[in-house]
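Asker: Use the sequences and the hints to build the structure in full.
Protein chains in written order, with our numbering: chain A, 1 to 341; chain B, 1001 to 1745.
By construction, these hints were calculated from the structure, which means they are not laboratory data.
No residue lacks a Cβ here, since even glycine has one placed at the ideal position from N, Cα and C.
Take the hints with a grain of salt, since some may be wrong.
Stretch by stretch, here's where chain B covers chain A in the computed footprint (C-beta under 8 Å, at least three residues) [claimed, not checked]:
id: 1; segment: 122-128
id: 2; segment: 229-238
id: 3; segment: 309-318
id: 4; segment: 332-340
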Amino acid sequence: MNNFSYVKVGSVSEARALREGNDHARYLAGGTNLIDLMKYKLESAGTLIDIHHIDENRTISSTEQGGLWLGAFVSNADTAYHPLVEQRYPLLSRAILAGASPQIRNMATNGGNLLQRTRCYYFYDASSPCNKREPGSGCPAIQGYNRNMAILGTSRHCIAVFPSDMCVALAALDATVVTQGPYGERRIPFHDFHRLPGETPEIDNNLQIGEIIVGIELPPEGFPEYHSYLKLRDRNSFAFALVSVATGLTLDNGVIAVARIALGGVAHKPWRIAEAEQFLVGKEPTREAFAGAADIILAGAVGYGFNTFKIELAKRAIIRNGMMALNPASQRPGAQPSLEP
Amino acid sequence: MAIHPSVGKPISRLEAKEKVTGAARYAGDYPVDGMLYGYIVNATITKGKILHIHADDVLNLPGVVTVISHENRLSLPWLDLKYADMDAPPGKVFKPLYDNEVKFNGQPIAMIVAETFEMARYAAFHLRVDYQAEEFRTNLGENMESARPPKVGLATSLKPPPPKDRGDFVTAFEHAAIKASGTFHHGTEHHNPIELFASTVVYEGDNTLTIYDKTQGTVNSQLYVANIFGLHYKDVRVISPYVGGAFGSGLRPQYQLFFAAMAALMLKRSVRVTLDRSQMFTFGHRPPTIQNTMFGSTTDGLIIALGHEAVAETSQFEDYTEVVVNWSNMLYPAQNVHTDYKLVPLDVYSPLDMRAPGGSTGMHAIESTIDELAYNAGIDPLEFRYINYANTDVSVGRPYSSKELKECFAQGAERFGWHKRSPAPRSMRRGNRLVGYGMATGIWEAMTAPARAKAILDKDGRLVVSSAITDIGTGTLTVMTQIAADEFGLPIDEVSFHYGDSKMPLAPIQGASWTVSTIGSAIKLACKALKEKILKKARTIEGSPLSHATLDDVAFVNGQITLIANPSTGVSLKDVIQKNQGRSIAATKLSVPNPLKLKKYSRAVHSAAFVEVEVDEELGVVNVTRAVTAVAAGTIINPKTARSQILGGMIWSISKALREETIPDHRYGKYVNPNLAEYHIPVHADIHDLDVIFVDEKDDIVNPLGTKGVGEIGLVGMPPAIANAIFHATGKRINSFPIHFESLM
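Answerer: The following block contains the structure:
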């Protein structure tokens, strides 16, 4: 039998102490990804440390700096529907609700959302080679069926995509991931949290062994006036993004003062290009302006055959979502495209 | 008091409460004391030989009982015929565990038997298998030069080969004033009923088995097990009262049944084997098919030439066929017709009938080509179909037993608002979307098979009818109860239908949309025989007012047999039972369709599908915003369950046209998306307004009930209607399904 120890802990320090020196232990929160992967022998654990019931870090509250603290153990659903999130960070709310299903969002936690593994077909097939699963075994996706694979930031070892919707919004919002680890608290800017595959596609993010996410901090600016999340996928719900875009804008006298654009479904991490956002500052929010930003964002994109359409689709999605952000009321459930130009 | 007839009433499923509360037990749900669990190991190569199975690695794991493989299996018959089930296509049926040959990726090659399912699965993941892999080919498109005509066999009688060519197609097409042609690609699809395939085999001692099986044919599974393992058929009982969808996947015994039965007989223990979702991608499937059409008409829109060729995948061991190219001339009375249907054997498992097999494939090509022909002729697509309307099936020169397709067109168009369509492509808009209207015709054969049924008047005066047929979720239990109730003039709560048990009177497999016609006819016949027996007994009651009555003179109403001439006099059914010393009275009848009567007619169910799509062209997003399907299917026994059947077919049409596909990686010869996260079927958010119309249709020919099946017809006309609507919206003719947004951007 696939035996493992299961320990329910009551505090972060207890969880960390158990993890210390136990290389084959894994933290278990909502379990919506880890349990699936264990069933198919894609992940294993000697000890499952259940952190789902820890009383700490279960709240959402305003910070002294005027931002918002999202406890790591709060569910995705409770986060999306929290009044402070809905009012001040509606982009995050919309992105969360565009992902998974209500049942999964009820179980999945904010911390866990950051740590989900790719949905690459070959990663999921234990009889296929996969550099992410078995480093050095090869990447069948590069010349295989890669329609849902990456077009940006790929390496010759891996073209997998990070599947989260929530994280695309968190990237756009300039969130900070707060952790507790062997060296105490660490604050990791969101763009430094996830990694590109490079030479080590088996490593998804910069979390250290034993380090535990305790929360996510949002800065004060939440783009409540001008924002939109657009998700393009093969069915209207319960499918991973082929391309998604989170856009947040502030306007000053009709011209863009701050712009944020993050892409999902196109890379091993949520994709942001500062140069493109800077390009928009001082411009009127027009299709032409967003097209210019899109060209900058997609400048280095590479298609692998089945997924080459994503390059053009991402550009169009950036333009459309820029226009949608100007009229958040036009947005529809499931982050579907708006019905008005 | 007269009882209102049940037939024609929208009665809810009688087993609905059991199903929604979880009380209904499916094949993998039955608790059995001391049961063992099997987990099957599937080959990870596509073709080659098994060199060694390292069973020793897992045999000493706690809880593992045995590893069953070709190395230690029970003795098996070599004769292919012993393995041939009722739905076996011509060829050599696949014999699990027969030898060390691997013929397709995912082939079941071994099974771990353990004390728990989890233990068996764990050991299965750890079982090492050494292979010698060989070259293989799985790509239809790259092996078209191997196409050859299918072999002929027993199954051919239900799936006729293409009719002989008529007239001079080549010349007629060449000279046609208006032409349309296309190449249509359909990929692999898997049935994916929500209920997983499972068999719970209860070892009753002495090589006697009771089997709870997920199947569309209890008798089919029974005979399969008995034949292979050399058991008397009476020692194998297969029970399947609830089936959580099947769509054709249960028409052949699936391999979990073979493994569970073998393990039970080897170990003399009860065994359950449940396949997981990914394993449900390792057996039958809708085959990839490539079609070419060439249609021609006069400038007035009269079709003069129909050319339709199809090449489909099959396995290396069986010639699975579908009726793909036979339909065009059944619908359109052209005089110059060329059809061709060929197979390419590949290193895959045999394809298997999947809802509207062949029809949903071929009619897409036909109806989208007809649509294009109509546009090319500058004629409204609906008008074009009126111009070419056929009252007879010219492909075989016979009239239809009934055909209210015109009424489907008229009522469907009216309900949909077809007249609001502006003819030119790209001419209709709503907000930032292009809007398209499309329509298409659907056709499916109305079949009836032989079957037995039994009717009993039990000692309490209740009517009990029975058949071995399953209810795959279509409403069979409810509908059969309605039919029997009306034969006896009883309310349905005084009638029971027993089914889903191979001990009951012989029934065919539940497919081909023939169940209502087949089992309903048998029940009608058995009820009539029972009424004769009852009347005979009633006549012997002292002072009986029925003493000289024949069946024509009496009515069975609400538990009474009354004289039609004098309805106030009669005998109660309870009195008859009393006269019979309190014993029940039974009659069993075999119903056989009358071939002499039937062969004078073509018999088909028809439909007209109307679809509205919205296309967000910038992003390539398409939604089916409205759809109407009008169906002419003879007598509708239960408008509620029939409507659900059509709705299911309409939702599947959206799936077929826009969503589902099993994606192959031909480098490995396997499918890459064998799970419901990546095999996309529609979600609620994909489904908008769907409307179903049943038009009146009277048919005295097809069977005594005048019914035509509705299981498949909902999935025949609507897929092409979606493609045609997308053309109307965008001006793009996309002939490969599913249509993804990259082809619409």
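Asker: Could you run down the list of hints and mark each one as holding or not?
Answerer: These are the hints, each one checked on the structure:
no.: 1; hint: 122-128; in the structure: holds (count 6)
no.: 2; hint: 229-238; in the structure: holds (count 6)
no.: 3; hint: 309-318; in the structure: holds (count 5)
no.: 4; hint: 332-340; in the structure: holds (count 7)
Going through the hint list in order, the structure satisfies each hint without exception.
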